[in-house]
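**Q** The chain contents come next:
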Amino acid sequence: MNAPVMSATVTSSWLDHLVVLPIVLPIAAAGAMFLMDERRRTLKAAVSLVTVLVMLAVAILLLGRVGEAPEVYRLGNWAAPYGIVLVADRLSALMLALAGTLGLAALIFSFARWGQAGPRFHGLFLLLLMGVNGAFLTGDVFNLFVFFEVMLAASYGLVLHGSGETRIRAGLGYIAVNLVASLFFLVGVSLIYGTMGTLNMADLARRLASPPAEIALFEAGCAVLGIAFLIKCSAWPLGFWLPTTYSAASAPAAAILAILSKVGIYVVLRLSLLLFGAGSAQGFGQSWILATGLATIAFGTLGILAARELTRAAGYGVMISSGTVLAALGTGNQGALSGALYYLLGSTFAAAALFLLAEILQRGRDPADAAQPVFADEYRDPFDDAGSTEIGRAIPAAVAIVGGGFLLCTLMLAGIPPLSGFVGKLAMFTGLASGTMTTSAWGLIAALTLSSLFTLIPLVRLGIFSLWVPHDDPPPVLRAPELAALALLLTACIALAVWGGPALSYTEATVRWLSQPSDYVRAVLDGAAAPGAGS
Amino acid sequence: MEIVLAAGIGVFAASGVWLMLRPRTFQVVLGLSLLSYAVNLFIFSMGRLTVGAPPVLGKGAEVVSVDDPVPQALVLTALVIGFALTALFLVVLLAARGVTGNDHVDGREPHHAEPTPENPHP
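Chains A and B supply the protein sequences, listed in that same order. So that you can map any letter, position 64 of the first sequence is 64 in UniProt numbering, and since no number is skipped, the others follow by simple counting. So that you can map any letter, position 101 of the second sequence is 101 in UniProt numbering, and since no number is skipped, the others follow by simple counting.
Rather than coming from a laboratory, the hints here were simulated on the basis of the structure. For each residue, glycine too, the CB sits at the ideal point set by N, CA and C. One should not assume that every hint holds.
Each pair of labels, with its calculated beta carbon distance range [as the list claims (entries may be wrong)]:
hint, chain 1, residue 1, chain 2, residue 2, range
1, A, 197, B, 94, 34 to 44 Å
2, B, 98, A, 46, 26 to 36 Å
3, B, 106, A, 61, 45 to 55 Å
4, B, 23, A, 216, 30 to 40 Å
5, A, 465, B, 10, 45 to 55 Å
Chain A residues, not near chain B, derived (Cβ > 10 Å throughout) [unchecked claim]:
hint, residue
6, 25
7, 183
8, 186
9, 190
10, 213
11, 308
12, 397
13, 422
14, 442
15, 463
16, 497
17, 500
18, 508
Input sequences plus hints: build the corresponding full structure.
**A** Printed below as a string of structure tokens:
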């Protein structure tokens with residue numbers, strides 16, 4: 001990652017380099033992690049915490065700065081389309097903030113136990129965040145592949161974190177599926193390069209204004225690329241790996257993995273609106289995305305109904321939220337897409353919180369869930385040491401807090417008033433109703449309504465079983481970091497509902513911006529005084 | 001030349017897919033490797049096939065045809081990443097073999113029912 005030429009820093013503000021920070025910071029910190037001794041846990045935790053906090057602060061700063069025009073950052077000061085650019089627009093900034101919040105919550109949660117359950121947790125965690133942030137920021141399709149691979153390589157490590165037979169078996173399937181997805185990605189990228197001669201997203205959109213010679217081959221390339229992303233966002237029928245993997249992963253890993261499927265959603269959104277929003281390939285694949293989205297909602301709903309464990313239910317919740325955004329994108333309705341983006345934020349927070357809650361509720365009940373050693377010399381069982389070395393004290397009234405948190409998550413995922421899950425669905429309905437009511441619009445409304453009902457039933461059932469049914473197990477113990485992580489996620493859910501107006505107007509502006517691909521193209525390719533240019 | 005390369009990619013991909021769908025983890029690794037060879041050759045061929053054409057022009061060079069250097073750079077990146085991830089997959093495979101005690105992708109052998117007098121061909 002080349003730093004831009006710094007010769008003219010006198011005239012350029014340090015804020016111009018803000019865009020590259022979400023990538024540089026975590027990779028630098030992760031590099032430092034691998035050099036530190038495995039036993040210096042407090043130091044590692046502190047460095048990770050500071051890094052993630054700064055990342056979140058940068059994301060929030062960017063949210064405010066990209067309102068008018070996107071920030072285009074030329075790596076190595078090479079102009080697009082020859083060099084690679086990072087582009088922070090409204091959508092990127094929103095996703096960065098989502099990743100930062102989730103990352104912070106998962107990291108804080110891991111301080112209680114899971115950060116110590118195996119070697120190199122913090123390094124892998126930061127590398128994953130670096131890959132996610134890079135995928136949100138990059139403006140080049142092949143660079144996107146590289147960030148995807150960084151993110152996936154780190155996620156393989158995190159899925160296996162804590163080890164044990166369940167995780168290794170789930171990890172084996174997860175890695176195989178994603179290796180095949182990466183091959184699809186490469187085939188798609190090379191077809192696009194072979195037909196268009198460029199991989200810069202903005203340049204692709206500009207060249208598509210006039211029909212290319214081999215449009216059919218180009219569209220085939222985009223379809224193959226789309227398969228790779230749909231595997232990542234676990235769309236039906238490509239997403240069978242998700243519930244198994246996420247429910248096998250340790251709680252903080254599962255919580256941060258919830259952002260991974262959102263990366264797939266983000267790329268589908270970005271590329272389909274940029275390349276197929278206008279120009280010679282307008283509307284390509286839209287009906288497929290709609291059908292896939294509806295099928296994903298249906299499959300996720302059936303899965304959540306059948307789920308017998310909370311973690312699996314949360315995994316299917318992630319699938320439903322992916323399907324919702326895909327279907328909303330497929331209807332081509334701006335209001336629905338804006339509502340879906342808003343729903344995406346809330347449902348991701350809620351699903352991550354549900355993964356964390358499930359771990360608190362189920363710990364100790366299932367011995368296979370506990371960590372098991374792979375490398376005996378580096379291993380400490382996080383469930384062995386009773387209290388002495390754990391960070392934080394047990395919080396009183398744990399059952400009440402866990403129960404309340406569970407209720408909030410259920411309301412969010414099922415989309416029931418008064419929380420933002422409902423607001424998001426309502427916004428989608430209003431958006432759909434304001435347009436012409438086509439069959440697809442009715443289909444989406446029906447799917448969302450039914451999925452609300454069928455999400456509520458199993459979550460209530462699982463909640464009653466975990467919280468109210470008397471059993472011999474000791475009541476759940478809640479540590480201070482776990483409480484802080486849960487509080488952060490649930491506060492984010494509530495804040496989304498309280499400040500629903502500003503949040504929705506932000507997503508509406510985002511969708512308006514995304515549906516004007518020519519503005520994006522102009523900002524990237526013609527940006528005269530682009531930040532990072534050093535002048 | 002094109003037909004030979006296309007046939008080669010096809011054979012690699014077909015063998016890779018077949019091996020990847022086999023039940024043993026080692027076969028899956030080999031299948032993934034073959035598939036990634038096919039994909040790497042495919043990326044390479046997307047720069048169009050040329051013979052003896054330089055990818056980078058020197059000063060004052062007079063060349064009629066130039067090879068596209070971008071797919072070569074892409075394939076290099078893809079190769080490195082693919083190699084590293086295959087190595088990682090091998091480690092997980094060995095861990096799975098150690099933990100589950102067999103090399104079936106499901107972690108357990110498929111259940112074979114014993115023939116009984118009532119059901120001689122299970």
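**Q** Now tell me, hint by hint, if it's right for this structure.
**A** Evaluation of the provided hints:
Range check, residue 197 of chain A to residue 94 of chain B: about 43 Å between beta-carbon atoms, so the 34 to 44 Å window is met. At about 35 Å, the beta-carbon gap between residue 98 of chain B and residue 46 of chain A stays in the expected band of 26 to 36 Å. For residue 106 of chain B and residue 61 of chain A, the Cβ-Cβ distance of about 48 Å falls inside the hinted range of 45 to 55 Å, so the restraint holds. For the pair residue 23 of chain B and residue 216 of chain A, the supplied restraint of 30 to 40 Å holds, since their beta-carbon distance comes to about 37 Å.
Distance hint for residue 465 of chain A and residue 10 of chain B: a CB-CB separation of about 53 Å, consistent with the stated range 45 to 55 Å. No beta-carbon of chain B is positioned within 10 Å of the beta-carbon of residue 25 of chain A; the least distance is around 23 Å. For residue 183 of chain A, the condition that its CB be more than 10 Å from all CB atoms of chain B is violated, with the nearest at approximately 5 Å. Chain B draws residue 186 of chain A into its interface by the beta-carbon criterion, the shortest separation being 5 Å against a cut-off of 10 Å.
For residue 190 of chain A, the requirement that its beta carbon stay farther than 10 Å from each beta carbon of chain B is not met, with the minimum near 4 Å. Against the 10 Å criterion, residue 213 of chain A stays outside the reach of chain B, whose nearest CB is about 13 Å from its own CB. Residue-level check passed: residue 308 of chain A sits 20 Å from the nearest beta carbon of chain B, beyond 10 Å. Distance check on residue 397 of chain A: its Cβ is at least 39 Å (rounded) from any Cβ of chain B, clearing the 10 Å threshold; non-interface status holds.
Consistency note on residue 422 of chain A: stated as away from chain B, and its beta-carbon is indeed over 10 Å from all of that chain's, at 41 Å minimum. Non-interface status of residue 442 of chain A relative to chain B is upheld: no Cβ of that chain comes within 10 Å, the nearest being about 40 Å off. Distance check for residue 463 of chain A against chain B: the nearest CB is about 31 Å away, which clears 10 Å, and the non-interface claim stands. In this structure residue 497 of chain A is separated from chain B by more than 10 Å, as the shortest Cβ-Cβ distance comes to about 41 Å.
The claim that residue 500 of chain A lies off the interface holds: its Cβ sits roughly 42 Å from the closest Cβ of chain B, which is beyond the 10 Å cut-off. Against chain B, the non-interface label of residue 508 of chain A holds: every CB pair exceeds 10 Å, the least being about 38 Å.
Consistency with the previously given hints fails for numbers 7, 8, 9, ordered from lowest to highest.
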